[in-house]
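Chemist: Given next are the chains, with one letter for each unit.
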Amino acid sequence: MPLLLRKIDHKVKWAKGGEASKYLPPEQAPADVLHDLKTEDNRLSVWQIEDDKSNLTRVIAAIVSTREYLQKLDYILIDFRHIQENGLRVERESGDTLDKQANSWHVDVIQLSASDLARLANLLFANGERVRELEPQLLNMLRQSVNAGHIHEAELKPTVAQKLQV
Amino acid sequence: MSTEARIIVTGGNDVSAWIPLTLSGEPRLTLPGVTQRGQNAITMGGGTSIEFTSGWTSLPLQVGGVSPEFAQHVSLAPANTCGPQTFSTNLSATTTFLVDTPNVVSWAVQTAVSNAATSSGRERVTNVELRVSSLFDTADLVEFEDGFENEFTHRVKQLVKTNGVSAVAEIAAVLFRSQIHSELVAQILLCLGRIEDDATYYARSAVLQCGLSSLSADVRDAAAVGIASMSDLNAIPSLERAVAREIIKDLKVDMQKALLELKRTA
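Chains as they are written, first to last, in this note's numbering: chain A, -17 to 148; chain B, -6 to 259.
The set of hints was computed from the structure by calculation and includes no laboratory data.
Each residue gets a CB set at the ideal place from its N, CA and C atoms; glycine is no exception.
Check each hint, because a few of them may be wrong.
With a straight-line Cα cutoff of 25 Å, these simulated DSS-like cross-link-like pairs (lysine-lysine) come out [unchecked claim]:
| no. | chain 1 | residue 1 | chain 2 | residue 2 |
| --- | --- | --- | --- | --- |
| 1 | B | Lys154 | A | Lys(-2) |
| 2 | A | Lys4 | B | Lys154 |
| 3 | B | Lys154 | A | Lys145 |
Some chain B residues close to chain A (C-beta under 8 Å, calculated; not the full set) [stated by the list, open to error]:
| no. | residue |
| --- | --- |
| 4 | Gly140 |
| 5 | Ile188 |
| 6 | Ala210 |
| 7 | Asp211 |
| 8 | Asp247 |
| 9 | Leu252 |
| 10 | Glu254 |
| 11 | Lys256 |
Isolated chain A, as found in the complex (with noise of 0.2 Å):
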């Protein structure tokens, strides 16, 4: 089964044992993470992961290679699973990336209502595993995929590119 990647910038209010913990059940997500989940006509922009995630480190390229900066990237991955259990349903949506390949391999969650964003805010905070990445793990990464020929160096943002000749 295949693992959904969805992009965050908060990685700590998705902590468990946060202030949040002290009031909260332990299954059920802060409010403060839906800042991570906005959606755009109601749907969820997120990438599929192979359950081998031989292509994680390509779509973690794709996904800073249109970026200013690379400080850091945090996301959440949870099996597609608990996604196809709780009713949510996906749709592919080219992704809008520097790696056309890549592109494809992004999808959304559609239809959503606010109580289904609610259930998967819970979904991806009880079964999610919250990764960061870290600039020289994202340059890395980065070079690798522009030395493949995935993504064109030209096309980085000249930020991005001069760090990458270092």
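Model the placement of chain B on the given structure of chain A, informed by the hints.
Modeler: Chain B in isolation, oriented as in the chain A frame:
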């Protein structure tokens, strides 16, 4: 005649404090080997009159917690109110305040000397204060996203690059007031961590190290990431202490990762 300076006292296990300092009379600030990295003490002459004003709530307790030497030699007002407080004291004798973050002291003293030495120093600082104040006025309108600068972070960067350490000090003074939302503090710390500017390197690192002691997990997290971005090896002890006292497991792991990156740089 009084000369205003801003001094950071950093130390202890729990808190750090920014203390705007007014020295009445001729300031007698001496610091043996001030330019030497790793220097960790500040000495003030006996009889120096000091006035403290702080935006911190319950400042005296926090200062007392910061540095035992500080509490021993300075009489502090009781901490029975919240919000900005002002109080004065006289040093009874030449006093050395120990600070456990290298470079912080030399930076603070350099700032003090710089402000005292130039007649326009106060004017310059006021100008920076105004710019920083106006900067924070616009912060509520901004949306932050990892990897992308916005108008606010562009302005922070420009302010620091144009005004140097004065701007960093002023931003920090506003930053650690309790009224500032922790998300905004975190974003500014991340921004300070990625500015490429040698002139403010140690000042920015000092502010990030202060952030490690914040009561807010968001701020502690951002401070650790910012420190990793700066690759300041002098910050390793601060980060090690932050890892040791962190109670949120996920955050502790992330701090350890930042620490590992920093040590790998070494």
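Chemist: Does Gly140 (chain B) pass the interface hint, meaning its C-beta sits closer than 8 Å to a C-beta of chain A?
Modeler: holds (3 Å)
Chemist: Mind checking the alpha carbons of Lys154 (chain B) and Lys(-2) (chain A) for me, to see if they're no more than 25 Å apart?
Modeler: Not satisfied, since the Cα-Cα distance of roughly 38 Å exceeds 25 Å.
Chemist: Double-check Glu254 (chain B) for me: the hint is only fine if its C-beta lies closer than 8 Å to a C-beta in chain A.
Modeler: At about 5 Å, which falls below the 8 Å cut-off, the nearest Cβ of chain A leaves the hint on Glu254 (chain B) intact, so it holds.
Chemist: Given Asp247 (chain B) as an interface hint, is its Cβ closer than 8 Å to any Cβ of chain A?
Modeler: holds (5 Å)
Chemist: Would the stated hint for Ile188 (chain B) survive a check requiring a Cβ distance to chain A of less than 8 Å?
Modeler: violated (11 Å)
Chemist: Does the interface hint hold: is Lys256 (chain B) within less than 8 Å of chain A, judged Cβ to Cβ?
Modeler: violated (12 Å)
Chemist: Can you confirm whether the C-alpha distance between Lys4 (chain A) and Lys154 (chain B) stays at or below 25 Å?
Modeler: Roughly 42 Å between the alpha carbons, so the hint for Lys4 (chain A) and Lys154 (chain B) is violated.
Chemist: Is it true that the CA of Lys154 (chain B) sits at most 25 Å from the CA of Lys145 (chain A)?
Modeler: holds (20 Å)
Chemist: Does Leu252 (chain B) pass the interface hint, meaning its C-beta sits closer than 8 Å to a C-beta of chain A?
Modeler: Since chain A brings no Cβ nearer than about 11 Å to Leu252 (chain B), farther than 8 Å, the hint is violated.
Chemist: Report holds or violated for the interface hint on Ala210 (chain B), using the least CB-CB distance to chain A and a cut-off of 8 Å.
Modeler: holds (5 Å)
Chemist: Just to be careful: measuring from the Cβ of Asp211 (chain B) to every Cβ in chain A, is the smallest value less than 8 Å?
Modeler: holds (6 Å)
Going through the hint list in order, the structure does not satisfy hints 1, 2, 5, 9, 11.
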